[in-house]
Every structure is written in structure tokens, then in C-alpha cells.
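Quick note, the sequences are listed as chains F and W, same order. Numbers 0 to 143, taken from numbering that gives the first Met the number 0, label the letters of the first sequence in order. Numbers 0 to 230, taken from numbering that gives the first Met the number 0, label the letters of the second sequence in order.
Any given hint could be a false lead.
Derived, one-sided and incomplete: chain F residues facing chain W with beta-carbon distance under 7 Å [stated by the list, open to error]: (1) 24; (2) 25; (3) 27; (4) 28; (5) 46; (6) 56; (7) 57; (8) 80; (9) 94; (10) 100; (11) 111; (12) 113; (13) 117; (14) 130; (15) 132.
Chain F residues, not near chain W, derived (Cβ > 10 Å throughout) [as the list claims (entries may be wrong)]: (16) 17; (17) 22; (18) 23; (19) 41; (20) 52; (21) 72; (22) 84.
Since the hints were made in silico from the structure, they are not lab data. Predicted, not measured: the structure shown is a model, and the values here were computed from it. C-beta atoms are modelled at their ideal positions from N, C-alpha and C, and glycine is treated no differently.
Chain by chain, the residues:
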Amino acid sequence: MRQQTSKQPTKVQHKARLPEMAETVLTHLAAILVLIGTYQLGELAYVILPLPATINGLLILLFMFIIYGQIPDFLARTVPLYLKHMSLFFVPAVMAVWLYQQAVLEYWHALVLSLVVTTILSMLLVLWVAHRCLTNTPVSPEKP
Amino acid sequence: MDWAYTVFVESAVWICLLVLCYGISLRIASASQQHVLLHPIVVTTILLLVLTQIIEPDVARVMGHLDLVQWLLGPLTVGLALPVYKQLPVLRRMGIKVVLPIMVGGIFAPLSAWSVLYFLGTDVAWQMTMLTKSITTPFAMDTATMLGGIAGLAAVFNIVTGVIVVMTLPMVNHILRIHGDQASGLMLGVLGHGIGTSKAVLLSEQAGAFASLALCVNGVVTAMALSFLFG
Chain F
0 MRQQTSKQPT
10 KVQHKARLPE
20 MAETVLTHLA
30 AILVLIGTYQ
40 LGELAYVILP
50 LPATINGLLI
60 LLFMFIIYGQ
70 IPDFLARTVP
80 LYLKHMSLFF
90 VPAVMAVWLY
100 QQAVLEYWHA
110 LVLSLVVTTI
120 LSMLLVLWVA
130 HRCLTNTPVS
140 PEKP
Chain W
0 MDWAYTVFVE
10 SAVWICLLVL
20 CYGISLRIAS
30 ASQQHVLLHP
40 IVVTTILLLV
50 LTQIIEPDVA
60 RVMGHLDLVQ
70 WLLGPLTVGL
80 ALPVYKQLPV
90 LRRMGIKVVL
100 PIMVGGIFAP
110 LSAWSVLYFL
120 GTDVAWQMTM
130 LTKSITTPFA
140 MDTATMLGGI
150 AGLAAVFNIV
160 TGVIVVMTLP
170 MVNHILRIHG
180 DQASGLMLGV
190 LGHGIGTSKA
200 VLLSEQAGAF
210 ASLALCVNGV
220 VTAMALSFLF
230 G
């Protein structure tokens with residue numbers, strides 16, 4: 000709706016729209032191909048470094064950024080958009096919880112203990128350590 | 000031929016339904032001011048499970064139809080290199096001051112959770128899965144698979160952990176009488192991964208920055224350490 004209202008002006012702008020759209024599509028295509036390619040490279044790299052393909056891929060891409068000195072523009076413009084909607088891609092896997100209903104009911108006490116209690120204990124520990132580490136910095140405005 | 004065509008159409012329909020449910024869950028999340036219990040992952044999954052019970056009660060089959068979406072999560076996870084790269088200068092500047100708390104959390108959280116399951120004698124696959132509960136979800140799923148755990152359960156444990164971290168944050172702040180944005184942000188990122196980080200962003204910009212730093216470092220380092228140790 001909003002796009003239609005801003006679409007009215009001159010013919011020149013209207014003509015410029017098609018190449019612009021093609022460019023956007025190509026940018027996305029290039030970004031997706033880079034991500035898939037790096038992921039596949041990460042899978043191959045398993046022989047050298049036995050880590051999950053995603054981590055290997057991430058390390059490869061990270062090294063490429065470090066060597067290049069910055070994030071290439073076409074990735075910087077597209078990838079954050081995908082990452083914002085990453086939750087969508089978890090859903091198929093999370094649905095598996097339905098298949099484990101019985102086991103979850105069987106182990107529920109262990110799960111509650113290990114998820115709730117140890118998480119809270121970890122939180123106390125990390126917050127305390129983080130506070131000790133960070134308050135020793137010269138720029139610490141707060142004092143208890 | 001005919002069979003392949005049916006599978007293709009069914010997949011397409013389920014992917015459309017997934018995107019539709021996700022769109023609805025985004026609306027719900029923004030209407031509830033991003034309440035943790037109404038996180039898009041939670042709402043989308045519930046909506047889709049309800050739909051499966053109406054349309055096709057065989058959840059495993061529906062998951063098969065959504066294989067493409069799940070496969071795309073792999074390349075997408077590689078894209079996390081962008082936020083990690085952006086954190087590098089901060090990491091270099093802050094050094095040990097941020098690395099130490101992240102390491103403490105990255106070691107204590109999985110080991111304590113694992114030891115509970117170990118001593119209560121649950122399945123080995125569940126123990127391995129629990130080790131990944133505090134690293135960011137996509138890494139957790141991959142690492143769990145690598146360790147002989149269950150990717151789906153890893154995602155669930157992960158999300159539950161994130162929700163617990165966000166919900167108990169005020170209590171933990173109160174007990175320790177520590178309310179600093181930096182420390183809270185760091186803790187939210189280390190233990191609450193993506194869900195904790197979105198909460199930190201709501202707290203303040205600084206808390207958000209520390210949370211994403213912690214998320215990136217903990218995700219990469221812990222996933223690597225777990226794979227080397229148990230893989």
C-alpha cells in the first residue's frame with residue numbers, strides 16, 4: 000500500500016525502477032550463493048577441522064572478512080535482514096519436541112532441575128564475575 | 000512423476016503455512032511488547048503444531064516437508080560471521096575483562112546442566128544435547144548432532160534456557176544487588192543467547208552491545224570446545 004502511494008511521480012523515476020529491482024534481486028542472489036558456497040566449503044573442511052559445517056563456514060567467512068579488511072557491501076546490505084528472521088528457520092526442528100513428548104514426561108524432574116536450577120546458578124556466577132571484571136575498568140559510573 | 004509432484008506441492012503448502020504462522024507470531028510479539036513467553040519461535044511452533052493436528056497428524060511427515068527450510072538454516076548460520084566480525088574491535092579493546100566472564104559461563108553452564116542429567120541417569124543422547132543449552136540455537140543444533148545428541152531437543156532446551164534467563168533476570172539482579180547494564184548484558188548474552196540478547200537490547204544500547212559480544216564469543220568458542228572434547 001505504502002509503495003503505491005510513493006510510486007506516482009515522473010516517468011524517469013518509473014524507468015529507473017526496473018534496473019533497481021534487478022540489482023536488488025541480483026544482490027540477494029549473490030549473497031545467498033556466497034552463504035551456501037561457504038557452508039559447503041565448511042562441510043569439506045571437516046577433513047582438516049572436525050567441527051560442524053556451520054562453524055567451519057563461519058570461520059572461513061570471518062577470515063575472508065579479516066583479509067578483505069571489511070564486510071563486502073552486498074553482504075552487509077542483505078545478510079542482516081536474513082539474520083533478523085532467523086527464528087523462522089528454527090521452527091521445523093523445534094517441532095520435534097512433539098515426537099519426544101513421552102521422553103520429556105518421563106524425565107521431567109531431571110529436565111527442570113538441569114534447565115531451571117543450573118541456569119539460575121550459572122546466572123549468579125556469571126553476573127558476579129562480570130561485575131567484578133567490569134567495575135575495575137576506569138570508566139565505571141556506578142558504585143554500590 | 001505423480002508422486003514427486005504431490006510431495007512438491009505438499010512441501011510448498013507447508014512452507015507457506017509456516018511463513019503465515021511466523022507473520023502472525025511477529026504481530027503477536029509486537030502487540031505484547033516482545034514478551035519472552037510470546038517469542039516468535041514459541042508462538043510459530045505452537046501455531047504450526049496446532050495446524051498439524053488439524054491437517055496432518057503425522058508431525059514427522061510435516062517436518063519432512065519442511066526439510067528445505069531446515070537445510071537453509073545451515074548457510075544462514077554461516078552469515079553470523081557478520082556480527083562476529085563487527086565484534087572483533089570491541090573484543091580486542093576489552094580483552095580479558097569480557098573474555099573471563101564469558102569463559103566462566105561457557106564452561107560452568109553446560110557442565111552443571113550435564114552433570115545433573117548424568118547423575119539422574121538419563122539417556123546419553125539427552126546428556127550430550129544438554130551440553131549445548133547455552134550456545135546460540137543454530138550452533139547448538141549442529142553441535143548436538145555432532146556429539147550424538149538430538150538437534151530438535153537442543154533447540155527446545157536452548158529456547159527454554161533463554162526464556163528462563165530473561166524471566167529470572169530481575170530476581171538474580173536483586174539477589175546480588177548488581178544492576179549494571181554491562182554485567183547484565185554480558186550475562187544475558189552468555190547464558191540466554193539470542194533470546195537473552197533481544198532482552199538486553201530492550202534494556203539499553205550498551206547492554207545490547209555486551210550481550211551480542213558475549214553471544215558471538217560464547218557461541219563460537221563453546222561450540223568449538225565441545226566438538227573437540229566430545230566429538
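Hint check:
1. 24: violated, 18 Å
2. 25: violated, 18 Å
3. 27: violated, 12 Å
4. 28: violated, 13 Å
5. 46: Check failed: Cβ of residue 46 of chain F comes no nearer than 14 Å to chain W, outside 7 Å.
6. 56: Holds: closest Cβ of chain W sits about 4 Å from residue 56 of chain F, inside 7 Å.
7. 57: Where the cut-off is 7 Å and the nearest Cβ of chain W is about 5 Å from residue 57 of chain F, the hint holds.
8. 80: Violated - the Cβ of residue 80 of chain F stays beyond 7 Å from chain W, reaching only about 10 Å at its closest.
9. 94: Hint holds; residue 94 of chain F Cβ to chain W Cβ min 6 Å, cut 7 Å.
10. 100: violated, 10 Å
11. 111: violated, 10 Å
12. 113: holds, 4 Å
13. 117: holds, 4 Å
14. 130: holds, 4 Å
15. 132: holds, 5 Å
16. 17: The claim stands: residue 17 of chain F keeps its Cβ more than 10 Å from every Cβ of chain W (closest is about 26 Å).
17. 22: holds, 20 Å
18. 23: holds, 18 Å
19. 41: violated, 7 Å
20. 52: With a cut-off of 10 Å, residue 52 of chain F comes too close to chain W, as the shortest Cβ separation is near 6 Å.
21. 72: holds, 12 Å
22. 84: Check fails; 8 Å does not lie beyond 10 Å.
Hint violations for this structure: numbers 1, 2, 3, 4, 5, 8, 10, 11, 19, 20, 22, all remaining hints satisfied.
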